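Number of protein chains: 2
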Amino acid sequence: MTSLLVMCFFLMLFSSCTLANDNYNSHIFPRPLVIEYPEGNEFQLRESLEELRLQCTSWRFAVEANNLSPWKTIPPECAAYVEDYMTGRAYSYDLQRVSRAAGAFAKSVELAEDGKDVWIFDVDETLLSNLPYYAQHGYGLEIFNHTKFDKWVEEGLAPAIHSSLELYRDVTSLGFKVFFLTGRSERHGNITADNLIKVGFQHWDKLILRSPEDHPKQATMYKSEKRDEMIKEGYRIVGNSGDQWSDLLGSSPANRSFKLPNPMYYIP
Amino acid sequence: MTSLLVMCFFLMLFSSCTLANDNYNSHIFPRPLVIEYPEGNEFQLRESLEELRLQCTSWRFAVEANNLSPWKTIPPECAAYVEDYMTGRAYSYDLQRVSRAAGAFAKSVELAEDGKDVWIFDVDETLLSNLPYYAQHGYGLEIFNHTKFDKWVEEGLAPAIHSSLELYRDVTSLGFKVFFLTGRSERHGNITADNLIKVGFQHWDKLILRSPEDHPKQATMYKSEKRDEMIKEGYRIVGNSGDQWSDLLGSSPANRSFKLPNPMYYIP
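Chains E and G are the protein sequences, given in the same order.
Counting from 53, one number per residue, gives the positions in the first sequence under our numbering.
Counting from 53, one number per residue, gives the positions in the second sequence under our numbering.
These are calculated hints, taken from the structure and not from any lab test.
Treat each hint with caution, since some may be false.
Claimed, not checked - No farther apart than 30 Å at their CA atoms in a straight line, the calculated lysine-lysine pairs in the DSS-like style are these:
1) E:K284 x G:K284
2) G:K200 x G:K278
3) E:K258 x E:K269
4) G:K269 x G:K284
5) G:K203 x G:K278
6) E:K250 x E:K159
7) G:K278 x G:K250
8) G:K159 x E:K124
9) G:K203 x G:K250
10) E:K258 x E:K200
11) G:K258 x G:K269
12) G:K159 x E:K269
13) E:K159 x G:K269
14) E:K159 x G:K124
What the hints assert, rightly or not - Just so you have them, the derived chain G footprint on chain E, three or more residues with Cβ under 8 Å:
15) 104-110
16) 114-121
17) 142-150
18) 153-166
19) 306-315
None of these values were measured; they are calculated from a predicted model.
Every residue, glycine too, gets a C-beta built ideally from N, C-alpha and C.
Given the sequences, and given the hints that come with them, work out the whole structure.
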């Protein structure tokens, strides 16, 4: 890049000599401004964009490492950054990487023959993608609206997250029991099951949804209680995949937890 | 940028007319190559660099979200990326952000008056920076060498991580007890204390180092046991700051744990 700019600069100098007769005394486009204005502007613009990219990446790291307090929406100045991340290569690279890491771990485990080795999957932003919904709602820029989101859920049109579909196929073929543990309500049980089957998740050993008494509980508590029950039933929770820390933290954690990326929303 | 390139392109075309007599028939620098070669090359180069940046950022996310198995060195293709990250703005932005988040949480806590509220700090890459050492050892590209690292520790020249110094001052002035819990050996107790004092960490309530019987233990186990002891002594572990997940996970976790960035090495 530098060499190109240097070359360009010398060519511009050269050109200005040949153009001098036409423009040298013109006050409309004084020669120094023509040379300097676009470069200075561009440098500042690039610098501001780079600064914003660094700050938004830093924010995203803080989210993924669970360093932030509960947050309701993404920072407005990172709206374009989050959209770029979610719709570009970066999100799918991150998804693939965590799925591959989980798959490698799953393959390394020696399963007992009692059928009690379990892999837990969360549903939203883990097996199913709500990106078509969030694309219409600022990728996390709008405060979460239950009524609107429920309508989207009831359409049953969420696509699969492909890297999770691969992991799901790997762990089922390895002999793990698969439990889907979701914050979705029991009344969305049928449509969720239909949606999952339609996009490739054709079998599961449990699909656990929130009962009416689970609704007031925070996700960490609700999911911990469900994992505690699994342990009481004699299961060993080997792996757990979720996009929220509330899918993974709390009591009865998995031997290995895998945090899928999600900079769009936070569930405590 | 596009406008600059377009302008450059037209100026180059213009120049080529005036330069044609000198170069048109030259086989050393054929004119079309001079115009096309740097642009095509640059696009490919930029695309490769962008791809590498995305992949290495994805790797760094996987590290910070604790998705990777134990790893011994950084990926060789990310060597320049990690160096840029550690020596540029990004690392210090990430440090500042986690420190500010921790400080905000600390201020939100209502401390009891029994002096039993504790904030734990790890030492290496949390209070003290070993960047001068790692700069000489490929920023994580070389396999960790105990002998060489011990020599560095014994110099007692590690600078403070400034954002951690600010957090340390905040939590001490709020009335927290501060416990430094480090994987460093007891035989490095004096030099570690000297180093800490010299760079601004002038007071602590405990400095816990590895005793000979702690040495075979993995860090998660060793640090969990030390936290268990604190709980038995009646302390409440309110906050915990560390650059390794092994500083934060395990038994007797803090109410809030804060993961400082560190893409250079992994301690299980």
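Evaluation of the provided hints:
{"no.": "1", "hint": "E:K284 x G:K284", "verdict": "holds (28 Å)"}
{"no.": "2", "hint": "G:K200 x G:K278", "verdict": "holds (27 Å)"}
{"no.": "3", "hint": "E:K258 x E:K269", "verdict": "holds (20 Å)"}
{"no.": "4", "hint": "G:K269 x G:K284", "verdict": "holds (21 Å)"}
{"no.": "5", "hint": "G:K203 x G:K278", "verdict": "holds (26 Å)"}
{"no.": "6", "hint": "E:K250 x E:K159", "verdict": "holds (27 Å)"}
{"no.": "7", "hint": "G:K278 x G:K250", "verdict": "holds (26 Å)"}
{"no.": "8", "hint": "G:K159 x E:K124", "verdict": "holds (20 Å)"}
{"no.": "9", "hint": "G:K203 x G:K250", "verdict": "holds (18 Å)"}
{"no.": "10", "hint": "E:K258 x E:K200", "verdict": "holds (27 Å)"}
{"no.": "11", "hint": "G:K258 x G:K269", "verdict": "holds (20 Å)"}
{"no.": "12", "hint": "G:K159 x E:K269", "verdict": "holds (26 Å)"}
{"no.": "13", "hint": "E:K159 x G:K269", "verdict": "holds (26 Å)"}
{"no.": "14", "hint": "E:K159 x G:K124", "verdict": "holds (20 Å)"}
{"no.": "15", "hint": "104-110", "verdict": "holds (count 4)"}
{"no.": "16", "hint": "114-121", "verdict": "holds (count 7)"}
{"no.": "17", "hint": "142-150", "verdict": "holds (count 5)"}
{"no.": "18", "hint": "153-166", "verdict": "holds (count 4)"}
{"no.": "19", "hint": "306-315", "verdict": "holds (count 4)"}
When each numbered hint is compared with the structure, no violation occurs for any of them.
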